[in-house]
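Taken in sequence, the protein lines are chains A and B. 40 is the number that UniProt numbering gives to position 40 of the first sequence; each next residue is one higher, with no gaps. 106 is the number that UniProt numbering gives to position 106 of the second sequence; each next residue is one higher, with no gaps.
Hints were generated in silico from the structure; no laboratory data involved. We put the beta carbon where it would ideally sit given N, CA and C, even for glycine. Keep in mind that a hint or two might mislead.
[Said to hold, decoys possible] Sample of chain B residues facing chain A (criterion: CB under 8 Å; computed from the structure):
{"hint": "1", "residue": "G123"}
{"hint": "2", "residue": "Q124"}
{"hint": "3", "residue": "Q265"}
{"hint": "4", "residue": "G273"}
{"hint": "5", "residue": "L280"}
{"hint": "6", "residue": "I285"}
Number of protein chains: 2
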Amino acid sequence: MAAEEGQVAVTVSNKQVIFNNYVSGFPKESDMSIVVGEINLKLPESAAGGLLLKNLYLSCDPYMRPRMRNSSGSYVGAFQPGSPLSGYGVAKVLESGHPNFEKGDLVWGSTGWEEYTVSTEPGQLFKIQHKDVPLSYYTGILGMPGMTAYVGLYELCSPKKGEYVYVSAASGAVGQLVGQFAKLAGCYVVGSAGSQEKVDLLKNKFGFDEAFNYKEEQDLAAALKRYFPQGIDIYFENVGGKMLDAVLGNMRLRGRIAVCGMISQYNLESPEGVHNLASLIMNRIRMEGFIVSDHYHLYPKYLEMVVPKIKEGEIVYVEDTAEGLDSAPAALVGLFYGRNVGKQVVKVADD
Amino acid sequence: MAAEEGQVAVTVSNKQVIFNNYVSGFPKESDMSIVVGEINLKLPESAAGGLLLKNLYLSCDPYMRPRMRNSSGSYVGAFQPGSPLSGYGVAKVLESGHPNFEKGDLVWGSTGWEEYTVSTEPGQLFKIQHKDVPLSYYTGILGMPGMTAYVGLYELCSPKKGEYVYVSAASGAVGQLVGQFAKLAGCYVVGSAGSQEKVDLLKNKFGFDEAFNYKEEQDLAAALKRYFPQGIDIYFENVGGKMLDAVLGNMRLRGRIAVCGMISQYNLESPEGVHNLASLIMNRIRMEGFIVSDHYHLYPKYLEMVVPKIKEGEIVYVEDTAEGLDSAPAALVGLFYGRNVGKQVVKVADD
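The following block holds chain A by itself, in its conformation from the complex (with noise of 0.2 Å):
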């Protein structure tokens, strides 16, 4: 049954994110506009396996920009124009058709930008189980974000003790995780960032062992060959281009590159030429891409080791909240102009 006998549905306003059209270079706030419609609060009939969800938190994510794009070539369908955009977040459930959920659930997964959503995929939710924790850490280190820096950096690369990891885009949502993982695996650290405010985080708050700010670099390959002298065995990739190129020029011997994203590139609308790949041979190196939704079975295990070390304050985490669902657009552009400090999310409603 899709909605309880006798229940009398509620219609309420329901604001939302519409993706404008297709998108070439960067994106900007007109692309997308906010409207406001009205949702009646009940399952519809033609989603009577599903689930209405009431949104409280939306994740800005690099991979959105992709979708931006008319083109077949991404892992993740195109945003359709003149519809919301989709993503990550954090809901309620307000309303089951499915056996796995109940009505005042908390669940993270794929949802709508708007403040109410039909979920018809609710095999694509995770239920909360820790509520103990900010709920908005499920767009982050206890949602995607997390499994991502976890599945990259420790499935991908199996960093040993007293190894060297680089990471790009380090103060990020994945990055900030990347280097404390790195830290507790025994590695010496050290991340890049785009503003000295970036660079301080990573040294004072993350426990990089050292952070630049990859800007005031005229040459990244001297830059890294400064900060490892010694070479770079595991690189954790968010960038691409030019950045991939300098870190080529300094793997060690059997160096590891987990491939997780390349958010240079996804504004350009021909990407950068990688020029330095003959290093992979001479070094012996294994480069990886990988998305993180082929990995979700570890999630589990994922929270098993996380969960204790947010509690105890081994592992802290950094966001920057956006008010409401009408401050959406301009995050989610910051995003690639660099502008968020810390995880990017959209707070869109009280629990």
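Here the structure of chain A is known, so what remains is to put chain B in place on it, guided by the hints.
Frame of chain A; chain B shown alone:
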């Protein structure tokens, strides 16, 4: 004891191929000189634990091009201007100061481009056990190139029955074996090469399912889409540059790329840019460089597999043999123009 007591050492002429100076662009015959010196056929005191070798076959291999550059970038040292080139070869032991070898043994491994070589590193030589195959095979299918094909395909790419395999430089010393090994594993195999003669070899001699002449394709990515409408599971990379870009755009989910060499890049002052690396993420691709000498502990296992298949005609091997040391410079230069058809070897002397 370096020399047997009472033996009178004979002095003979020793023709050598001298490396004149560091090379930029394509190597030319004039980058090498043939000189005739003399050698005392006696292991000198200074090489007491070494071997005196008579060279029978020398191998022309693409990795020799980076050794012609004055840089520390390569995984093997640069050639010394004024000294003979060195490389893989097959030789006969004339005198041994090492307990593992004795006079009359046949060996393969590192030797000089000359008639006689004093080897001070017998640890780099393998004693030849199977003599009922052509001796020259130890520069190819039973030597470094054979192990390269074996390790790159089987160890790095784990081919599964029914997978789609693409091999570039497919008629060369390594490529012809990668294709045959992939067929043995039950894969669908397509190779590319640079002439109709080579394409015919791939299809008619080596049993590739399809083959094409890359020089006749305006659009490599389109050619690959034609031969692999479903995409490529495994790419054995011998070429680099534009070919790698075209392949990256045609890889399947969870594809694997063994990076063996990038011969198209070796003569360029600065390597071409590769633009499609975001495919690593979208398609969860693992790309791994390797150096065969890291894997020589697998040589006995490889011999056990391949020697019976050679004898039974299940695996064939095509060589392009240049006669005499005088022809060695042209043979080596020809490799970088694709003049060789099959494995390029130089015959120096009869047994």
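Any CB of chain A closer than 8 Å to the CB of L280 (chain B)? holds, 3 Å
Hey, does the Q265 (chain B) contact hint survive, CB to chain A under 8 Å? holds, 6 Å
Answer holds if the nearest beta-carbon of chain A is closer than 8 Å to that of I285 (chain B); otherwise answer violated. Since chain A brings a Cβ to about 5 Å from I285 (chain B), closer than 8 Å, the hint holds.
Hold the hint about G123 (chain B) up to the distance rule: shortest CB distance to chain A must be less than 8 Å. violated, 20 Å
Given hint G273 (chain B) near chain A, where the shortest CB pair must fall under 8 Å: holds, 1 Å
When the nearest CB of chain A is found for Q124 (chain B), is that gap smaller than 8 Å? Violated. Min distance 19 Å.
Hint violations for this structure: numbers 1, 2, all remaining hints satisfied.
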